[in-house]
Every structure is written in C-alpha cells, then in structure tokens.
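Given the sequences, and given the hints that come with them, work out the whole structure.
Going line by line, the protein sequences match chains A and B.
One point on numbering: in numbering that gives the first Met the number 0, the residue at position 44 of the first sequence is 43, and numbering is uninterrupted.
One point on numbering: in numbering that gives the first Met the number 0, the residue at position 69 of the second sequence is 68, and numbering is uninterrupted.
Keep in mind that the hints were calculated from the coordinates and are not lab data.
Every residue, glycine too, gets a C-beta built ideally from N, C-alpha and C.
Just so you know, not all the hints are guaranteed correct.
With a Cα cut of at most 27 Å, we get these calculated DSSO-like pairs of lysine-lysine [claimed, not checked]: (1) A:K27 <-> A:K131; (2) B:K1 <-> A:K27; (3) A:K27 <-> A:K128; (4) B:K1 <-> A:K128; (5) A:K32 <-> B:K1; (6) A:K128 <-> A:K32; (7) A:K33 <-> A:K131; (8) A:K131 <-> B:K1; (9) B:K1 <-> A:K33; (10) B:K88 <-> A:K131; (11) A:K131 <-> A:K32; (12) A:K7 <-> A:K54; (13) A:K128 <-> A:K33.
Anything over 12 Å on all C-beta distances counts as not near chain B; from chain A, calculated [as the list claims (entries may be wrong)]: (14) I35; (15) I45; (16) K128; (17) K131.
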Amino acid sequence: MLEFIISKYNFWIYIILMMIGFYAMIAKTNLVKKIIGMNIFQTAIILFFVSTAYKSDATLPILLNSQGHGAGHHAAEQVIEVSQYINPLPHVLMLTAIVVMVATLGVALAIVIRVYRDYGTLNEDEIIKAIK
Amino acid sequence: MKVLGFIVTVLTGALLIYGTLDMPNYGDPDSPASSHVSPRYITDTEIDTATPNIVTSVLADYRGYDTLGETTVIFTAGMSCILILRRRKKSYKV
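As structure tokens, this is what we get:
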C-alpha cells in the first residue's frame, strides 16, 4: 500500500494543484484572480509532464563524455545507455508550453487592464451589470 | 455559485485521481513515454547534431520549425498587447 502511494503521489500533488487553479478560474469573480488560477493550472500541467520524464537513477539529458563533431567517426566505439538519461522530450514540449503560457498571461493581463480602463472595476458581476 | 464550483472541482479531481491509477509508476524507466521515440533521440543526437545537450538538439534541430512557430506565438501576443493597450484619442474614456 505504501509502495503504491509512493509510486503515484507526484500525480496526486499535481492534480490538487491543478484543482486549486480550476476552482479559482470558475468560482472567483475577480478577473485577476481568475488569471492567477489559470497560471496555477498551467504550472500544474507543466510539473505533471516533467515528472513523467523522470527515470530513477538517471541523470539530466546532457551526454557525458561528448565528443562533439568527432562523434560520427567514433560512433561504434561509444555506446549510449538509454536508461542513463531521463526522457528529454517532455522537457522540450514543456519549453513550448511555457512560451504559450507567457503569451496567454500577457494577453490576458492586457485585456484586464483594458477592461479596468473602460469600466473602473475588475469584479465580474459589476462588469456584467455595467454592460446591461 | 461557490458551492457549485467546489462540487465540480472535487468531482473533476476525483476523476483525474482515478485516471492516475493506470499511469506508470514515478521513475519507471520502461514507461510508455520513455520507451518508444525518446531512445532514438538519446542515442542518435550526437551523430545527427553534434550537440551534447539533448533538449537543445531536439528544440533547435529536430523540432526547429516548431520553435519558429513559437516565435510567431510570442510575436502575435506582443502585437495584440500593443493593439489592446494603445490609447486612441477618438474613443478615449476612463
């Protein structure tokens, strides 16, 4: 039972973090708090993906004893053990996701500034009242 | 509204935790995510790109067009920020 919890607890932590962000997105009425919730949500997804890359007893995906441009000639001599390095692909995909996260955060904050300039409030209910 | 949101949040969280029961264990070297495509990148990256850092070689060499698309995303976000925040004199109101 304890072994089962240890093998899955990282996912549960990220799901709790994700649900904190989800609750902020759907239940808060302040627009900035909604954006903070969206950011927490995205961070939880990024942590989830990075944790799937982990292999026990493996190191960062940077090759040890790299020969650079000479590698092609000595390729047969050097054997790279795959289980020695953690999976690089989730890290690359999460770099892309961080870029999208920053872009959405910037545009969302710009829209919020614009809404505040026009309506003088960030409360969702008051904005809906002012539109009507 | 807050109670309804809390109920929806708890239900979604329970569903996701139920989903993790089928996930591979933390630190499993034979998990599906690290057993199909990624060994090829780890073994071939030095021959293909002469770059010791595998993340860099995937980001800038194998998936170079994806990174180019990322810069388009950043450019679009920056342009839309400028267009949203620009003060126009005709429709200026506070």
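Item to check | Proposed proximity, K33 (chain A) with K1 (chain B) (alpha carbon, max 27 Å) | outcome: 14 Å, holds
Next on the checklist: Would the non-interface assignment of K131 (chain A) survive a Cβ cutoff of 12 Å against chain B?
Outcome noted: 18 Å, holds
Item to check | Restraint check for K33 (chain A) with K131 (chain A), where alpha carbons must lie at most 27 Å apart | outcome: Holds - the C-alpha atoms of K131 (chain A) and K33 (chain A) are around 22 Å apart, at most 27 Å.
Next on the checklist: For K27 (chain A) and K131 (chain A), compute the direct alpha-carbon distance and say whether it is at most 27 Å.
Outcome noted: Within the cut-off at roughly 21 Å; holds.
Next on the checklist: What's the verdict on K128 (chain A) and K33 (chain A), does the C-alpha distance respect the 27 Å limit or exceed it?
Outcome noted: 19 Å, holds
Item to check | Assertion that K128 (chain A) lies outside the chain B interface [Cβ separation over 12 Å] | outcome: 15 Å, holds
Item to check | Restraint status (C-alpha distance of K131 (chain A) to K1 (chain B) at most 27 Å) | outcome: Roughly 23 Å between the alpha carbons, so the hint for K131 (chain A) and K1 (chain B) holds.
Checklist entry - Can the restraint linking K88 (chain B) and K131 (chain A) be considered satisfied, given a maximum Cα separation of 27 Å? => result 25 Å, holds
Item to check | K131 (chain A) paired with K32 (chain A) [C-alpha distance capped at 27 Å] | outcome: 23 Å, holds
Checklist entry - Are K1 (chain B) and K27 (chain A) close enough, with their CA atoms no more than 27 Å apart? => result Holds, at about 8 Å.
Item to check | Assertion that I45 (chain A) lies outside the chain B interface [Cβ separation over 12 Å] | outcome: Given a closest Cβ separation of 14 Å, the condition holds.
Next on the checklist: Would the hint linking K32 (chain A) and K1 (chain B) be met if the CA-CA limit is 27 Å?
Outcome noted: Between K32 (chain A) and K1 (chain B) the Cα gap is close to 14 Å, so the pair holds against 27 Å.
Hint violations for this structure: none, all hints satisfied.
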